[in-house]
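Generate coordinates for the entire structure from the input sequences, incorporating the hints supplied.
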Amino acid sequence: AQSVTQLDSQVPVFEEAPVELRCNYSSSVSVYLFWYVQYPNQGLQLLLKYLSGSTLVKGINGFEAEFNKSQTSFHLRKPSVHISDTAEYFCAVSENRGSTLGRLYFGRGTQLTVWP
Amino acid sequence: DAGVTQSPTHLIKTRGQQVTLRCSPISGHKSVSWYQQVLGQGPQFIFQYYEKEERGRGNFPDRFSARQFPNYSSELNVNALLLGDSALYLCASSEQRGTEAFFGQGTRLTVV
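Here the protein sequences line up with chains A and B, keeping their order. Mapping to this note's numbering: the first sequence position 62 is 62, numbers consecutive. Mapping to this note's numbering: the second sequence position 26 is 26, numbers consecutive.
Worth double-checking, as some hints may not be accurate.
As the list claims (entries may be wrong) - Here are the simulated DMTMM-like cross-link-like pairs (lysine to aspartate or glutamate), alpha carbons at most 20 Å apart as the crow flies: (1) A:K49 x B:E95; (2) A:K69 x A:E95; (3) B:K30 x B:E51; (4) B:K13 x B:E95; (5) A:K58 x B:E100; (6) B:K30 x A:E95; (7) A:K49 x B:E100; (8) B:K30 x B:E54; (9) A:K49 x A:D85.
Hints listed in this document are in silico derivations from the structure and should not be mistaken for laboratory results.
Now the structure itself:
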């Protein structure tokens with residue numbers, strides 16, 4: 001079974017500072033990895049995804065993430081945050097084959113709050 | 001292009017009632033999945049449909065059911081509502097199973 005752990009429930013940071021949101025997962029099979037962002041009262045928007053290839057993945061809004069297979073991690077980073085980055089961020093995994101193909105398993109979320 | 005659309009956006013029901021939530025996928029997408037997001041938690045998988053057939057079911061009671069229509073739209077039904085069913089219900093569509101999922105804005109269900 002899949003599980004996703006987001007190590008920080010809340011991350012406060014000042015504007016223009018760097019930020020890292022941590023995500024670890026467990027799986028017995030090969031996986032795809034995703035980061036989603038959710039603004040208040042809205043659905044989920046895909047920030048970036050790792051399917052295969054380069055372990056450093058770049059996404060929208062200046063975010064990037066690095067897949068570390070040995071540590072089963074997929075941490076999200078941004079070198080300089082803006083007020084508008086304040087939102088809930090979810091890490092998710094899915095198996096890339098088998099009967100659960102396409103099923104997303106989410107972490108509990110990390111609330112990023114950017115202060116001026 | 002229209003994204004994934006869900007209706008209604010908000011809904012208030014009383015315990016014991018039944019509710020139907022609707023989802024229209026992006027044009028050309030054949031797979032629809034449903035997720036429940038309880039306040040303060042990540043979304044939990046409920047159902048996956050592909051080509052009008054159920055392809056996966058999460059750990060939810062039989063009170064939850066769904067179907068996919070020939071035009072690939074989908075409905076989620078919940079019977080005998082409980083207070084604990086209060087949540088944001090999210091629909092996601094993808095071209096195929098396993099390809100990128102696009103989420104709708106969700107339906108906020110409140111059970112009183």
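Results of checking the hints against the structure:
Taken as a hint, the K49 of chain A and E95 of chain B pair is honoured in the structure, with Cα atoms around 16 Å apart against an allowance of 20 Å. The straight-line distance between the Cα atoms of K69 of chain A and E95 of chain A is roughly 14 Å, inside the 20 Å bound, and the hint therefore holds. The suggested pairing of K30 of chain B with E51 of chain B holds, with an alpha-carbon distance near 6 Å, which does not exceed 20 Å. Restraint check: the Cα-Cα separation between K13 of chain B and E95 of chain B comes to about 33 Å, which exceeds 20 Å; the hinted pair is violated.
A distance of roughly 16 Å separates the Cα atoms of K58 of chain A and E100 of chain B; the hinted pair therefore holds under the 20 Å criterion. The suggested pairing of K30 of chain B with E95 of chain A holds, with an alpha-carbon distance near 19 Å, which does not exceed 20 Å. Between K49 of chain A and E100 of chain B the CA atoms are separated by roughly 9 Å; this keeps the pair inside 20 Å, and the hint holds. Taking the CA atoms of K30 of chain B and E54 of chain B, the gap is near 12 Å; set against the 20 Å cutoff, the hint holds.
Between K49 of chain A and D85 of chain A the CA atoms are separated by roughly 18 Å; this keeps the pair inside 20 Å, and the hint holds.
Checked against the numbered hints listed earlier, the structure breaks hint 4 alone; every other hint is satisfied.
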